[in-house]
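**Q** Spelled out from the first residue to the last, the chains are:
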Amino acid sequence: MRFKAAAVIVFAAAFGLAGCKFVKTADKEKEDQAGAFDPDTLVAEMWDGKVLPYLEKRAAPLAEVLAATAADPDAAGRKYGYKAKQGNAPWTFMAKVDGVIVAEETNSRAAYVDVDVDGDAKADVRVSIGPAIRGTALRDCLDFVDFNAFKNQIEWAQFGKAFNTHVNATILEKLPREGLTGKTVTATGAYPLPAKGQLPQLVPATIAIGG
Amino acid sequence: MKVTRRLITVGFAAVMAAGVAMPSFAADLIAIITPSHDNPFFKAEAVGAEAKAKELGYEALVLVHDDDANKQSQLIDTAIGRGAKAIILDNAGADASVAAVQKAKDAGIPSFLIDREINAAGVAVSQIVSNNYQGAQLGAEEFVKLMGEKGNYVELVGKESDTNAGIRSKGYHDVIDEYPDMKMVAQQSANWSQTEAYSKMETILQANPDIQGVIAGNDTMAMGAIAALQAAGKKDVIVTGFDGSNDVRDSIKAGGIKATVLQPAYAQAQLAVQQAHDFITSGKKPAEEKQLMDCVLINADNADKLETFALKD
Chain A
1 MRFKAAAVIV
11 FAAAFGLAGC
21 KFVKTADKEK
31 EDQAGAFDPD
41 TLVAEMWDGK
51 VLPYLEKRAA
61 PLAEVLAATA
71 ADPDAAGRKY
81 GYKAKQGNAP
91 WTFMAKVDGV
101 IVAEETNSRA
111 AYVDVDVDGD
121 AKADVRVSIG
131 PAIRGTALRD
141 CLDFVDFNAF
151 KNQIEWAQFG
161 KAFNTHVNAT
171 ILEKLPREGL
181 TGKTVTATGA
191 YPLPAKGQLP
201 QLVPATIAIG
211 G
Chain B
1 MKVTRRLITV
11 GFAAVMAAGV
21 AMPSFAADLI
31 AIITPSHDNP
41 FFKAEAVGAE
51 AKAKELGYEA
61 LVLVHDDDAN
71 KQSQLIDTAI
81 GRGAKAIILD
91 NAGADASVAA
101 VQKAKDAGIP
111 SFLIDREINA
121 AGVAVSQIVS
131 NNYQGAQLGA
141 EEFVKLMGEK
151 GNYVELVGKE
161 SDTNAGIRSK
171 GYHDVIDEYP
181 DMKMVAQQSA
191 NWSQTEAYSK
201 METILQANPD
211 IQGVIAGNDT
221 MAMGAIAALQ
231 AAGKKDVIVT
241 GFDGSNDVRD
251 SIKAGGIKAT
261 VLQPAYAQAQ
271 LAVQQAHDFI
281 TSGKKPAEEK
291 QLMDCVLINA
301 DNADKLETFA
311 LKD
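Chains as they are written, first to last, in full-length UniProt numbering: chain A, 1 to 211; chain B, 1 to 313.
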């Protein structure tokens with residue numbers, strides 16, 4: 001009998017604890033659902049631990065990606081890019097840029113530098129330097145985020161924009177804005193498959209403008 | 001329109017029939033339910049879905065809910081009563097439509113959503129969603145560029161009850177508000193209507209003669225706005241729309257409206273019917289329920305290739 005009683009007490013205690021924990025989790029979930037969707041925090045939390053290592057692993061030298069894309073965009077996409085399984089989004093490629101700035105546009109708020117990576121003095125890629133950034137390439141290159149996990153296209157879009165806000169605040173705002181042409185630049189980032197005859201428009205996740 | 005009206009009548013007759021518990025023997029019916037065909041965008045959806053359904057050997061029941069959730073619910077009953085094998089739906093509200101789609105599911109009829117999404121997962125088999133937000137951002141980026149990143153502008157917003165009116169407006173402002181020299185002097189709803197956009201634009205111009213741009217939430221409102229601007233002799237005002245209609249294509253080619261954003265209405269309706277067919281015949285679901293269909297910017301460079309909500313290669 002004593003054993004039985006003890007068992008009951010132990011069981012009750014365990015149950016009580018588990019119950020307590022369960023309620024806490026449920027409350028937390030409820031809180032999260034009730035609380036405003038916070039894309040900036042989502043991005044900040046995944047940036048160092050997931051986004052940067054993923055890009056470091058997947059991104060190849062730009063010249064290599066461009067050559068592969070010219071030969072076979074789908075094969076290149078599978079190797080150097082990502083796109084959602086369903087829907088009609090184009091491939092988003094990941095690339096490392098290492099070259100020389102041959103042109104700059106810093107009067108526009110959607111500022112950019114054109115970069116030559118193969119030494120022919122002609123631009124091979126247009127790198128956004130903000131503060132306004134077009135598109136959602138940094139979100140769209142990631143194979144571990146999915147529209148289906150979001151409530152609707154508004155939250156999905158805000159999540160996409162949060163990547164641009166993040167790179168703006170953490171790296172782009174600190175960049176020099178004058179006399180960029182002729183300087184060297186290294187960057188790792190993503191760009192959607194460009195229309196024929198247009199430069200790829202890369203959104204950087206890391207960038208350094210040198211001497 | 002005549003055909004549609006007749007089909008609606010048939011639909012209501014079917015509800016009556018269902019009311020007296022007549023079993024239905026329609027073996028291969030697909031119901032196609034969209035907003036009013038007065039907007040050519042929705043008509044293109046219905047036409048695309050119907051053509052694909054017939055191609056795959058189905059009978060098509062084409063119905064319109066006029067953005068009325070109650071009417072939509074009745075039409076779902078019609079589809080259930082007629083024993084439809086699947087429902088292709090451009091729904092009448094992200095929250096209001098969940099129950100209607102659930103009702104069809106409970107009756108064993110799978111739904112395939114096009115254009116607009118609902119705020120619930122696992123109720124429809126697939127949701128082929130027009131990426132209105134991405135499209136709005138494309139349109140706004142072009143608008144800002146055409147405006148030289150500065151100036152006074154007017155926004156014409158769509159019908160408030162339509163989720164996409166709000167989504168597009170948010171997408172526009174997400175981009176435009178990053179440019180401090182862009183000043184919105186008026187923002188009004190013209191309810192997707194060309195005539196209403198015309199009269200609203202006239203009134204706005206009286207109070208704000210100094211405007212450089214108008215960004216409209218859809219093409220019919222852009223058409224109304226440009227007509228009012230031209231009537232007032234303001235030929236240099238930048239006007240952009242959204243949808244990719246043939247009317248706006250022709251205006252772009254004639255140097256009127258400057259840009260619009262194409263939603264692949266025809267293609268996504270056809271894709272939905274194909275997915276319905278796969279599900280009916282093999283039980284195969286698409287890999288992901290929600291599938292985003294990106295929009296494409298249309299301007300003077302590619303307007304030539306646009307025809308009935310599809311871009312030729």
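Possibly wrong hints are sitting among the right ones.
[Unchecked claim] Straight-line Cα separation of at most 30 Å, DSSO-like style, residue types lysine-lysine; simulated pairs:
# : chain 1 : residue 1 : chain 2 : residue 2
1 : B       : K103      : A       : K151
2 : A       : K174      : B       : K183
3 : B       : K145      : A       : K79
4 : B       : K284      : B       : K253
[As the list claims (entries may be wrong)] A few chain A residues that face chain B, going by a derived Cβ cut-off under 8 Å, partial list only:
#  : residue
5  : A75
6  : K79
7  : K83
8  : A84
9  : K85
10 : Q86
11 : G87
12 : N88
13 : T106
14 : A111
15 : R134
16 : F147
17 : N152
18 : K161
19 : A162
20 : H166
Keep in mind the hints are simulated off the structure, nothing from the lab. We treat Cβ as the ideally placed atom computed from N, Cα and C, and that holds for glycine.
**Q** Hint by hint, which ones does this structure get wrong, listed from lowest number up?
**A** Of the numbered hints given earlier, those the structure breaks are 3, 4, 5, 6, 7, 13, 14, 19, 20, listed in rising order.
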